[in-house]
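Protein chains: 2
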Amino acid sequence: MSAHSFDALVQALRRLPGVGVRSAQRMAFHLLQHDREGAVLLARSLEAAVSQVRHCVRCHTFTEDEICVTCSDPRRDASKLCVVETPADQAALERTAAFKGMYFVLMGRLSPLDGVGPRDIGLGKLIERISDGVVQEVILATNFTAEGEATAHVIAQALKSRGLSVTRLARGVPAGSELEYVDLGTIAHALVDRR
Amino acid sequence: MSAHSFDALVQALRRLPGVGVRSAQRMAFHLLQHDREGAVLLARSLEAAVSQVRHCVRCHTFTEDEICVTCSDPRRDASKLCVVETPADQAALERTAAFKGMYFVLMGRLSPLDGVGPRDIGLGKLIERISDGVVQEVILATNFTAEGEATAHVIAQALKSRGLSVTRLARGVPAGSELEYVDLGTIAHALVDRR
Ligand SMILES: [Zn+2]
Ligand SMILES: [Zn+2]
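If you read the protein sequences in the order shown, they are chains A and B.
Note that UniProt numbering has the first sequence beginning at 1, numbered continuously upward.
Note that UniProt numbering has the second sequence beginning at 1, numbered continuously upward.
Hints are computed from structural coordinates only; laboratory data are not their basis.
Even for Gly, the Cβ is constructed at its ideal location relative to N, Cα and C.
Certain hints may be false.
Here are some of the chain B residues that sit facing chain A, going by a computed Cβ distance under 8 Å [to be verified]:
id	residue
1	S5
2	G18
3	L32
One side of the interface only, derived from the structure: several residues of chain A facing chain B at Cβ under 10 Å [stated by the list, open to error]:
id	residue
4	Q11
5	R26
6	H55
My request is simple: use the sequences and hints to build the entire structure.
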């Protein structure tokens, strides 16, 4: 094909996570053939986000201000700090309406194989954050995956002997599930963590 | 989250085919956290493609010129016109190096359920294209899917009684395959189309 800018668009789309060459071609074709308005909208949204989105200086989540809405909310309990991997995880916790404390968003997880170390998840910043004299409990709410568990372990070690309580979300049987259909590992953890 | 432009980016990414809200969030997070350079590159590629990519006036494929490279090539056999659904299909045929004629790219396929009718695939333009007094054979190379077959059928009907030969790619057993593992419909077609 003689459309150089079509090929360049396919290459640029391939930088998106989970997008291979076939998907990128399908996306480029769709945008140029059926949704040029969507293509322009996407271009403008990308530019706006790159120029406006930065990280909250207190919790590291995405924000357009120096301090995000959550960190600026005086009604929240500043003695509790919940550590999550991503803004999406924070959003999941917020949907439960069961937590009214503050957050620290790692914006990732430890992954030595991918070269993601303690500095990349802002461990130093987290230690600085919890040393404000107000935080009394740190709740580790990283994912219950191998990497999430390893991340929680490393953070717990780093926060040890700093005179505050470090807890972890309970592992257990999901609400509404029948034991017969729950995997063995989950049941085993629920037994260990029984209250 | 207080980042409006992050949410706007997620919405814009959802216009890409095959991208749901979870994928869009993952893409936006990846671009803003790990690849802002890629985000800027994608924005620029989108803008360049939207402003520069248009359709070849002879074959309808994407091009940046009035007439595409293939249609402008004097070494190609202008008596044969191969009708394909998309530029990707044309590229697949070109890779075989088995066809040296011209193309007409429908940029889609008939799909009444999605509101894609004969006008949307340029049937009128195709009839105009084959009436140049040079084209003698039209090879229908739409996909061997229900929609591709229906598209080939409608085009064959429209080109009937115009004094040119209309052929279809042969259906049959893929090269290199063992009959034992080929599906029944393919074997049945290969029997019917035996030479
Ligand atoms: Zn914040
Ligand atoms: Zn052309």
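Evaluation of the provided hints:
1. S5: Holds: closest Cβ of chain A sits about 4 Å from S5(B), inside 8 Å.
2. G18: It holds, given that the least Cβ distance between G18(B) and chain A is near 7 Å, below 8 Å.
3. L32: For L32(B), the interface hint holds, since the closest Cβ of chain A sits about 5 Å away, which is under 8 Å.
4. Q11: holds, 8 Å
5. R26: Holds - the Cβ of R26(A) comes within 10 Å of chain B, reaching about 6 Å at its closest.
6. H55: Holds, because the Cβ-Cβ distance from H55(A) to chain B comes to roughly 9 Å (cut-off 10 Å).
Going down the numbered hints, you'll see the structure goes against none, and every one checks out.
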